[in-house]
Amino acid sequence: MQVLLENLPQYLKENKKRLNSKDALHYCPPCGGGWGVVKTAVQVPEVQVLFVIPIGCGRHGAIAAMKDGTDSRIHYLLMEEVDLVSGDHLEKTEAAVRELVEETEAKGLILFTTCIDDLLGSDFEGLIEKMEEELQIPISRGKMNPILSETPRAPDIMVHNTAYNFLRERGQEESAVNLVGCLSPVTSDSELFDFLESGGIREVRHMGNCSNFDEFLSMADSRVNLLIRAPGKRACRDMERAIGLPWIDLPASFLPEKIDEGYKNLSLLGDFSYDTGALKREAEEAIREIRPLTAGRTAVLGKTVNADSFDLALFLHRLGFQLKYVLAAAVKDHEQEAMEILRTKRPDLPVIPHLDPALALRQENSEEVDFGFGLDTAVYFRPRKLVLLPFETSLFGYRGILALLESIRSAEPFSGSVKDLVYNANLVI
Amino acid sequence: MRKIAVYGKGGIGKSTLTSSLAAAVASMGYKVVQIGCDPKADSTLNLTGGKETVPVIEYLRQHGGCDSLDEIVTWGYKNIACFEAGGPTPGTGCAGRGIVTTFELLDDLEMFETYDPDFVFYDVLGDVVCGGFAMPIRKGYAEEVIIVTSGEKMALFAASNIRMAVENYQQRNYAKMLGVILNKRNVENEEELINDFVQRADTELLGVVPRDKNIQIYEDRCQTVIEGDPDLEISKKIMEIAGRIVAGGKAGGTAVPGEDT
Amino acid sequence: MKGLLKKLPPFAPDYSGVSSLFYTLGGAIIINGADGCIGNVTGYDEPRFFDHDSYIFSSGLKETHAITGDEDVLRSKIEDSLEKEDLNFIVILGTPTSAVIASDHESVTTLLSRGREIPVFTVNTTGIDCYEKGLSRAFDALARKADFYPPLSEPSEDLSVNIVGATPLDFWGMEQAGEIRDSLEKRGIRVNGCWGMDNSWESVRKSLQAQMNLIVAASALRGARYMKKHHGIPFICGVPLARFAEALTEEIRGKGSGQPAIMALKPGRGQRLVLLGEQLWSCSLRQALLLENPDLDIRCISFFKQEPSLKMEGDLVLQEEDDLTEYVNREKPTLVIGDPLYRRLTCDTPFYGIPHLAVSSRLYWNHDTPYTGDAMDLNEILKRL
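Residue numbers (my numbering), protein chains in the order written: chain L, 1 to 429; chain Z, 430 to 690; chain R, 691 to 1075.
What you were told as hints is all true, and nothing was included just to trick you.
The list that follows gives simulated cross-link-like pairs (lysine-lysine, DSS-like), each with its CA atoms no further than 25 Å apart:
#	chain 1	residue 1	chain 2	residue 2
1	R	K774	L	K324
2	L	K107	R	K697
3	L	K345	L	K17
4	L	K92	Z	K568
If you are wondering where the hints come from, they were derived from the structure by calculation, not from laboratory data.
Use the sequences and the hints to build the structure in full.
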């Protein structure tokens, strides 16, 4: 059931920050997925990934990995019915780990379990400790456990911990920082890199850019973690505790005031000579210039975008778009403020929980809008033009604004196959 | 900080005894936390004066999440922080997982860091030793295990199962046996049976709690005997056992508050 | 080692199988589990998702409900969430999570049935078994819904069959089912209904009007046997394809040799071919190839369950990935035919790929070469020998 923005705070309070009702069925079309834990975890180079799963849990990730070409590092140990009672799969897991470590030249291993082992309370920590000692290889526990979705231990959050758990020994590299929380690295044209370099930080690391395991481990030597997207926050906190690696909040945003704030935070690290002022003015100018194209145009913001829903929604509102709907999952802490501002401007804006069962009927009588942001808008509406903002492209800073504006300006009338669009995005729920 | 899991068959008097031990340790000046790991969620009633602690699972069921320890803690006798895991409606759901979830939530809310207790008592139902009920003796949780049993056959059977679980885990450097407490039911040859068990289990007897009507009298008032009347014989007996626990299980140890235990 | 997949993906699970049968019948399908479970169906095992109204939901099972028991929550979610009018049925399926907490779906369906005129039922899948086991239960469940069938549905006068078992997981495209239908209709056999694809609830309700069931997947056999026993509808097994279509339709007309067409020709002692796929399709293809070349030594092997009564010498079920590699190294076939992903396990043996959706999901589901009906071109296979 959709909620008007003016009623949203109360709704969120009742529903503990999430938009999807805890009392409703979920509609889960393939356009509503994301990277899933597989694609995120397999970014750690030279590790083998083993899933211990009932057959029903592994299929989507396996096929998506085949499409991405990463499947040679991903393996599945199938649980049988009797394992649920006997716990025999723990012994089988030991054997499978041995076999994989012997057959591959793995530098590390990620061991994923599912909701099942959460419920069974299986002791994988003990198993991992034993196997690490026996095989002399680091093993990190992963969990693909969607029964914890929309909780502080949701799989899309914990998968970052799974990856960074490999970081052990801390060295000192003053000229290096890490980008954490963004699935893909920040696009290389962002002024973030110029900014950092002006303060002597020449190395900006992201797990997706590491070419080998040692390079990935060197993330532990970096001076600081820059938290770009919220799902990485827990990993940042845990890395601070475990290896003393500090972190700074630097959220990717399309709102100039938040971008400013981020750079101010960053300035605490040292002297940065790069002046973001000129670029900020360029972005503001570009925003003014695009208004004739955007003012009064109807738009829908989908959930399947590489951005925070209410941050982007406020940005689109400021561009003059007449937002018709926003599809979203939750209001994250750091977009609360943007949501509040938008609420005063557009109390009538309907917010649709992205798993709302009523969406199942929407395909039949979809409304036409001028712009759709996110591929899911092409499923539920008929956008004349579509702007995708895929997870593979992490926009950041003023250049991020400019890139988004360019996508809006150059958006072609959408006439393709929605089906192809969705399947090519290769998303996992 | 010492974390101690007290296991025993349901109905053996384990919650009453755990609460009494917690009260005794707290009365020595230590900071104590007690976590009830029984779906009945009545472990801490004698510490809270009958005030019901909202079970964590029930809280999560109603609210979907929990942001603060204040919402789930009840402060009991001598400022003992009381938690109850709770569990499913009988006949459905998964009780073992309820314990895991409770522990994870307490971790997320940084309970150990916030309260910085000297002693944590986990009061755990020991009839079933599946993954969930064994959670309290896993890495990061209780490091020591006390088994409460009587000389009754079923109680000893449960005790033996618990002992086996601890042994299985011991190979992984998990919890170790601290000892056994006999909660007397006046079964024939009870001491003999227990001594035999203690010997086979390769552990030690921490103490014997005799049957005493005062336990029931104060339980009816939702109090432990320690709170009710510390001068009673039974209270002294429990204080004595608590002293041994504080001393690390060595018989006859005496408690000295403030010292590193 | 047993159960370890290093080259293949996990196959379609049982709930994908059940969903596949009920998908186009105008009901609501509820998968009781966390949202990840349904993601396998909607994104990876159901090619009709965007071509058909998709009224399939996850119960969104959460940890707290798994702990406290989920039956009441599930019931009220279903009651409150289904807005569509004119639903034909509601079916609830289980997942690994609901299996572990032993969710009582029977009680939920009983409560939901009260005051409703449509059938509400459950197929207790677990997500631990493969699709064909779910399908088998689903065909059986559908066959047992005798109360759906109109009481006066007398068998029709003309020669008519129900095609039973044509789901996308085995036949992946509407075109493949269409080829089966065309092949029968051009030979004067009316298709009364098709269970699995290309059909409606109405046509399922008229199933008893057909004189016969044509079973095109082994998973449909259990349901077919039920219909034979309780409704007197006989069944014949086989997929009409290439020249085998003629032999099969002869059998449907009652003019066969007396033995099942699908077992009529015995493999020869010549070049060895290995067919990996759904059993009835493989066996039908074997017959079609033997009609072209009776010397061929054709074996039907599979990772999925096989019906023992339809096995011929050399047919077998493989348990593990390594079994296939060992098999080709031992038996040294001239050609292996099967899902393209099996090529990863067949070393240098010549291979001809025919997708099996239950194996390779959406990797090849846009493939449009017909592997059923008269349009199936065997030359592509024969020229490789």
